[in-house]
Amino acid sequence: MKELEKNFGLMTAHHDHHLEDYKKLKVLVVDIREQMEQMSDKGHTSSVIASLLDERFAKMKLDLHEKTTDEDSIGKNHEARILHLESLLTKLSEAIEEDRKRAQTNTSEGEIQDQSLLRRRIESLEREFAEYKTELLKGQTAKSSCDLPDCVLQKVTNDSIK
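Using full-length UniProt numbering, the first residue of the sequence shown is number 1, and each one after it goes up by one.
The hints are simulated quantities; they were obtained by calculation from the structure and are not laboratory data.
Note that the Cβ used here is the ideal one computed from N, Cα and C, for glycine as well.
Hints are supplied without guarantee of correctness; some may be wrong.
Cβ-Cβ distance ranges computed for the label pairs, FRET-style [to be verified]:
hint : residue 1 : residue 2 : range
1    : Gln38     : Ala80     : 32 to 42 Å
2    : Thr68     : Ser47     : 25 to 35 Å
3    : Lys76     : Leu25     : 53 to 63 Å
Below, a list of computed lysine to any residue pairs in the SDA-like style, where the Cα atoms sit at most 25 Å apart [as the list claims (entries may be wrong)]:
hint : residue 1 : residue 2
4    : Lys59     : Ile49
5    : Lys2      : Lys24
6    : Lys23     : Lys2
7    : Lys24     : Met36
8    : Lys24     : His14
9    : Lys59     : Glu71
10   : Lys24     : Met11
11   : Lys133    : Arg119
12   : Lys26     : Asn7
13   : Lys138    : Arg119
14   : Lys67     : Glu86
15   : Lys24     : Leu10
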């Protein structure tokens, strides 16, 4: 029996809890109906839509302004970098031109000395080449006559006959 009373008490508590939820739900339904009635009023509906659109357009305008500001700052940054690179290229071109002029003046002054040094060096190389050539020709003649064993035998026999 006590068990039944206990279960009945729990059921009553659950029922009371559900009743409270039902009352809250009923109040919410009444509020929604009232809002729906207000929404069916064309003037109110248009004002709600207009306010929503105004909010959206204001946000879009702000986003567009921020994007343009960002793009402008990026563009200015790129422009500044390009100007800096142009100035560096100008300085580099000037330095190259100065080096070229210096090299040209040094070449014209030292050209006579360089030519005589170059002529002497060419002559010495030609002499060395002639020496190597004669040594090579001597070696080839001796080698070609002694390459074959029959030739060596003939030379030995010819030399012994003489």
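Status of the hints after comparison with the structure:
1. Between glutamine 38 and alanine 80 the beta carbon distance is about 57 Å. The supplied range of 32 to 42 Å is therefore violated.
2. A hinted range of 25 to 35 Å holds for the C-beta pair threonine 68 and serine 47, which are about 31 Å apart.
3. As the Cβ distance of lysine 76 to leucine 25 is approximately 60 Å, the hint placing it in 53 to 63 Å holds.
4. As the CA atoms of lysine 59 and isoleucine 49 are separated by approximately 15 Å, the hinted pair is consistent with the 25 Å bound.
5. With a C-alpha separation of about 33 Å, the suggested pair lysine 2 and lysine 24 falls outside the 25 Å cut-off, and the hint is violated.
6. Taking the CA atoms of lysine 23 and lysine 2, the gap is about 31 Å. The hint is violated against a cut of 25 Å.
7. Distance restraint check for lysine 24 and methionine 36: the Cα-Cα separation of roughly 18 Å lies within the 25 Å cut-off, and the hinted pair is therefore satisfied.
8. The suggested pairing of lysine 24 with histidine 14 holds, with an alpha-carbon distance near 15 Å, which does not exceed 25 Å.
9. Proposed proximity of lysine 59 and glutamate 71 is supported: the alpha carbons are some 18 Å apart, at most 25 Å.
10. For a cut-off of 25 Å, the pair hint linking lysine 24 to methionine 11 stands: about 20 Å separates their Cα positions.
11. For the hint pairing lysine 133 with arginine 119, the CA-to-CA distance comes to about 21 Å; that is within 25 Å, so the pair holds.
12. With a C-alpha separation of about 28 Å, the suggested pairing of lysine 26 with asparagine 7 is violated against the 25 Å cut-off.
13. Only pairs whose Cα atoms come within 25 Å are accepted, and lysine 138 paired with arginine 119 is rejected, the gap being roughly 29 Å.
14. Distance check on the hinted pair: lysine 67 and glutamate 86 sit about 28 Å apart at the alpha-carbon level, beyond 25 Å; violated.
15. Taking the CA atoms of lysine 24 and leucine 10, the gap is about 21 Å. The hint holds against a cut of 25 Å.
In the structure shown, a violation is registered for the earlier hints numbered 1, 5, 6, 12, 13, 14, in ascending order.
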